Amino acid sequence: MQNREIDEYMINLKSLEKAKLIYDKVSDSIHIIIEEEDADKAVLLENNIAIRIKNGKIIEITIYDLTKILQD
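Numbering (the numbering used here), first residue to last: 10 to 81.
Treat the hints as calculated values from the structure; they're not laboratory data.
Any given hint might turn out to be false.
Here are the simulated BS3-like cross-link-like pairs (lysine-lysine), alpha carbons at most 27 Å apart as the crow flies [claimed, not checked]:
1. Lys29 <-> Lys66
2. Lys27 <-> Lys63
3. Lys50 <-> Lys34
4. Lys27 <-> Lys50
5. Lys50 <-> Lys63
6. Lys77 <-> Lys23
7. Lys27 <-> Lys66
8. Lys50 <-> Lys29
9. Lys50 <-> Lys66
10. Lys63 <-> Lys23
11. Lys23 <-> Lys50
12. Lys77 <-> Lys29
Keep in mind it's a predicted model, so treat the numbers as computed, not measured.
Please put together the full structure from these sequences, using the hints given.
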């Protein structure tokens, strides 16, 4: 996973209607799956957020340490 890469990516808002939310209790993370495809790349952002990208579009967002974030 690449770290601190600065680029712009798009989210297809129509595809959010079909998005899946999956909570992983073991890693205390939530996965927002926008499109179920293999990613071209993944980027780790600040605050324990990772995005997976395909053709310049965000296809998945993962938020780690969710409980801690919600408590802050």
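Checked hints:
1. Proximity of Lys29 to Lys66 is assessed by CA-CA distance (about 16 Å); at most 27 Å being required, the pair is judged to hold.
2. Among the hinted pairs, Lys27 with Lys63 is consistent with the structure: their alpha-carbon atoms are about 17 Å apart, no more than 27 Å.
3. As the CA atoms of Lys50 and Lys34 are separated by approximately 25 Å, the hinted pair is consistent with the 27 Å bound.
4. A hinted pair counts as satisfied when its Cα atoms are at most 27 Å apart, and Lys27 with Lys50 qualifies at roughly 22 Å.
5. For a cut-off of 27 Å, the pair hint linking Lys50 to Lys63 stands: about 7 Å separates their Cα positions.
6. Between Lys77 and Lys23 the CA atoms are separated by roughly 30 Å; this puts the pair beyond 27 Å, and the hint is violated.
7. Our distance criterion of 27 Å between C-alpha atoms is met by Lys27 and Lys66, whose separation comes to about 15 Å.
8. Note on Lys50 and Lys29: the hinted pairing holds, with a Cα-Cα distance of about 20 Å set against a maximum of 27 Å.
9. The hinted pair formed by Lys50 and Lys66 meets the criterion: a straight-line CA distance of about 10 Å does not exceed 27 Å.
10. Simply put, Lys63 and Lys23 have alpha-carbon atoms about 16 Å apart, close enough for the 27 Å limit, and the pair holds.
11. Our distance criterion of 27 Å between C-alpha atoms is met by Lys23 and Lys50, whose separation comes to about 22 Å.
12. Only pairs whose Cα atoms come within 27 Å are accepted, and Lys77 paired with Lys29 is accepted, the gap being roughly 22 Å.
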